[in-house]
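If you read the protein sequences in the order shown, they are chains D and A. Numbering follows my numbering, in which position 146 of the first sequence is assigned residue number 146; successive positions increment by one, without gaps. Adding 353 to a residue's 1-based position in the second sequence gives its number in my numbering.
None of these hints come from the bench; they were simulated from the model. Hints should not be assumed to be uniformly reliable.
Stated by the list, open to error - Pairs of lysine-lysine residues, derived as DSSO-like cross-links and limited to a Cα-Cα distance of at most 30 Å, are as follows:
| hint | chain 1 | residue 1 | chain 2 | residue 2 |
| --- | --- | --- | --- | --- |
| 1 | A | K614 | D | K179 |
| 2 | D | K169 | D | K183 |
| 3 | D | K264 | D | K211 |
| 4 | D | K211 | A | K549 |
| 5 | A | K614 | A | K633 |
| 6 | A | K503 | A | K486 |
| 7 | D | K179 | D | K211 |
| 8 | D | K14 | A | K614 |
| 9 | D | K14 | D | K211 |
| 10 | A | K614 | D | K211 |
| 11 | D | K14 | A | K551 |
| 12 | D | K14 | A | K549 |
| 13 | A | K633 | A | K549 |
| 14 | A | K457 | A | K486 |
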Amino acid sequence: MSHVELQHITKRFKTVTALRDVSFEIQDGEFFVLLGPTGAGKTTTLRVIAGLEQQTYGHVLFDGEIVDDLPPPDRDIAFVFQQYSLYPNMSVYDNLAFPLRAPMRRMSEAEIRQRVYQAAEILRITHLLERRTSHLSGGEMQRVSLGRAIVRQPRIFLMDEPLSNLDAKLREALRVELKHIQKTQGSTTLFVTHDQIEALTMADRIAVLNKGRIVQIGNPTDIYDRPATIFVAQLVGVPRINLVDARCDDGTISIVNSSVHLPKPVSGDLPRTFKLGVRPEHVQLDPQGEFVGQLLLIEPLGVESILHIKVGQQSLVCTVPGMTRHKLGEELRFNLVRERLHYFREDGIRIQV
Amino acid sequence: MARFEEVGPRSPIIESTRVDLVHPRARLGVTIRAIVAIVIVAIMLFPVVWLALTTIKTRPDAVAVPPKFIPYFPDGLLSDWCMVPQLNKDGTPKLDKNGQPVLKERAECFDVTLEGIVGLFFERRTLTPAQQKQYMESPEFGWADRILLKRGLVITGPSDFVNRFRNSLIIAGTSTVLAVAFGLLAAYAFSRWDIKGKPDFLFFILSTRMLPPVVVTIPIFLMYRQLGIYDTHIGMILLYTVFNLSLSVWLLKGFLDEIPKEYEEAALVDGYSRMQAFRKVVLPQAATGIAATTVFCLIFAWNEYAFSLMLTSDVARTMPPAIASTQGAGGLEWAIIATASMLFLIPVVVITFALRQHLLRGVTFGAIRQ
Ligand SMILES: Nc1ncnc2c1ncn2[C@@H]1O[C@H](COP(=O)(O)OP(=O)(O)O)[C@@H](O)[C@H]1O
Ligand SMILES: [Mg+2]
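Could you build the full structure based on these sequences and the hints that come with them?
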């Protein structure tokens with residue numbers, strides 16, 4: 001059983017406040033992702049949980065018990081660092097065995113051997129065991145780092161952007177592998193990333209962190225379909241969400257400087273001016289479409305194409321499957337999927353409708 | 354160039370793919386560099402060679418002008434070459450009463466004597482010519498005595514040399530170990546934790562090194578006399594340790610700063626205590642820095658002169674002042690001084706040689722990696 005809870009954690013360094021009143025809970029067996037841009041305080045959060053950094057206020061609880069005063073070795077966690085976690089003057093085997101050889105574990109060499117081989121097999125690095133870590137490729141190193149975490153059964157795995165230093169292909173492969181390992185082992189994991197794709201594909205739940213504050217916690221669907229702020233809406237989703245200034249007069253919504261007018265949703269109140277968010281896939285081309293625009297730019301990606309459509313002074317991005325035969329400058333008609341529009345106040349908070 | 358044309362592009366160059374190693378012009382460069390290196394080494398080693406030659410010279414030979422640099426053994430190695438027949442004015446060899454040619458030494462040759470080496474280990478007294486003659490005939494003297502008897506000296510007992518050498522080993526060795534050990538702990542703390550007033554502490558530690566030793570010897574002398582540690586091993590070890598600490602803290606802090614703290618933190622979360630992580634993770638990675646610091650501290654403590662001169666007289670006197678004050682019977686005994694200096698070089702050379710793998714990266718302060 002491993003349940004981790006953060007209660008109102010604030011962490012202040014000399015001049016910066018890295019975390020402000022951060023609270024969340026990670027359930028047993030959950031894959032919890034902390035998503036945020038660089039400098040958001042993700043690493044600091046992990047370090048506080050690991051006991052490598054002492055929080056200024058708040059409590060860390062493991063299984064309901066406060067562990068604020070427990071030093072790192074006694075917290076029984078595994079930490080995959082962003083970089084540097086392998087010892088350069090040891091073989092891969094010794095690196096994997098290192099956590100098990102800690103004097104406090106009093107484990108026999110035979111058992112260590114068995115566990116190391118087991119972990120190596122899961123990660124398919126058995127052939128590397130005799131190598132020095134300085135002779136490994138990036139992907140192999142990161143596998144070994146993960147191996148160092150899974151050789152023991154810690155209370156929780158803390159992973160600090162373990163995939164961000166790898167090239168795109170490897171990242172994709174390891175992403176799938178990691179998720180698979182986590183599910184088959186049923187291990188509780190707190191995974192940190194700045195990559196929204198990693199977050200959406202792997203997470204059971206996501207906490208979005210910005211400037212040391214939790215902005216939203218929810219499962220990937222919540223985060224994607226009901227972003228709590230403009231920040232979250234822009235953070236997840238590629239291509240980015242369309243965000244335009246809009247006005248609301250007498251039951252009609254109109255996008256500023258354009259010819260787009262929509263009826264106001266029946267429920268909910270909208271202020272006079274607000275921001276309208278439209279995901280690119282909810283701008284749908286349709287020869288009988290309600291609105292008309294001019295094709296400004298095409299980005300063909302193969303599996304889909306990104307079209308930039310000029311509507312009045314505004315420009316909307318939309319995606320269509322496959323390659324497109326439309327020509328630049330062409331007049332296009334399109335619809336907006338009304339029930340999937342996002343409304344945000346001027347200060348960025350979502351308006352529930 | 355020829356090499357490339359003969360081989361042609363179809364067959365691979367097996368030895369090396371590094372153009373800087375196989376290209377003829379590059380190989381010429383390597384040769385030139387090797388020659389330059391050898392010349393520099395020869396120039397650097399010349400004083401040591403000269404010192405070594407002086408250890409086996411008699412006093413007149415040691416100060417002869419022009420200098421003599423080819424040793425020979427009488428009736429042995431090189432003596433055929435070094436002893437040449439003396440010539441008469443008409444160019445014929447000069448003969449003695451028995452019709453044998455009279456031989457003389459070439460100007461650049463000197464005969465090997467062990468005077469200096471024996472003289473270093475024993476106290477000597479000058480004999481009158483009559484005593485010398487009488488002692489020479491006595492069978493009770495061993496080979497060492499005979500070497501000195503030839504010079505008109507007699508051995509009166511063992512010298513202080515062994516004692517002084519041991520003092521140097523004990524004092525320099527212990528103080529180096531202590532300075533590096535304490536320095537390592539202090540440097541680790543400075544490197545890893547936020548200590549209040551850290552820059553001030555570090556500056557203070559460095560400032561202890563700013564006064565030249567000579568300035569503080571008198572106060573320290575008075576202090577030591579009051580404390581009763583004048584002319585003791587403890588006193589000297591204490592002094593050298595403190596003096597070396599500033600160097601060792603600063604050097605080691607630099608090296609420890611280079612070791613990412615993630616390594617220890619990984620060990621901490623893996624279940625190791627701070628001390629275990631330090632031993633298992635930090636120490637092996639700091640080996641380079643520790644080796645370099647050890648050598649620097651050892652060289653200081655080993656060569657230190659001023660403090661030792663002022664703060665020791667006999668019991669704890671170390672080599673440097675002892676060598677400088679070596680006096681023979683009537684004049685400077687160059688051979689003894691040279692022998693003492695040669696022996697004095699050995700420990701530092703041995704230690705430096707033993708730590709050489711770590712040193713190259715160490716003394717460049719990590720500038721060369723792997
Ligand atoms: N040891 C530290 N001392 C001072 N400031 C720090 C320290 N560690 C992190 N910070 C600051 O805290 C903020 C959050 O950092 P971090 O948790 O590393 O962000 P992330 O991992 O999300 O990129 C940053 O502004 C960073 O500069
Ligand atoms: Mg980080």
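Evaluation of the provided hints:
Restraint check for K614/A and K179/D: the C-alpha separation of about 29 Å stays at or below 30 Å, so the hint holds. Straight-line distance between C-alpha atoms of K169/D and K183/D comes to about 22 Å, which keeps the hinted pair within the 30 Å bound. At roughly 34 Å between alpha-carbon atoms, K264/D and K211/D are farther apart than 30 Å, so this suggested pair is violated. Taking the CA atoms of K211/D and K549/A, the gap is about 28 Å. The hint holds against a cut of 30 Å.
For the given pair, K614/A sits about 13 Å from K633/A by alpha-carbon distance, which is consistent with the 30 Å threshold. Distance restraint check for K503/A and K486/A: the Cα-Cα separation of roughly 9 Å lies within the 30 Å cut-off, and the hinted pair is therefore satisfied. Annotation: proposed proximity of K179/D to K211/D holds, straight-line Cα distance about 28 Å (limit 30 Å). This hinted pair checks out: K14/D and K614/A have alpha carbons roughly 19 Å apart, not beyond 30 Å.
Taken as a hint, the K14/D and K211/D pair is honoured in the structure, with Cα atoms around 16 Å apart against an allowance of 30 Å. Of the supplied pair hints, the one linking K614/A and K211/D holds, its CA atoms being roughly 25 Å apart against a limit of 30 Å. About 15 Å separates the Cα atoms of K14/D and K551/A, which keeps this hinted pair within 30 Å; it holds. Pair hint K14/D plus K549/A holds up; C-alpha atoms about 12 Å apart against a cutoff of 30 Å.
Distance hint between K633/A and K549/A is fulfilled; the C-alpha atoms sit about 28 Å from each other, no more than 30 Å. Straight-line distance between C-alpha atoms of K457/A and K486/A comes to about 25 Å, which keeps the hinted pair within the 30 Å bound.
Violated hint: 3 only; the structure is consistent with all others.
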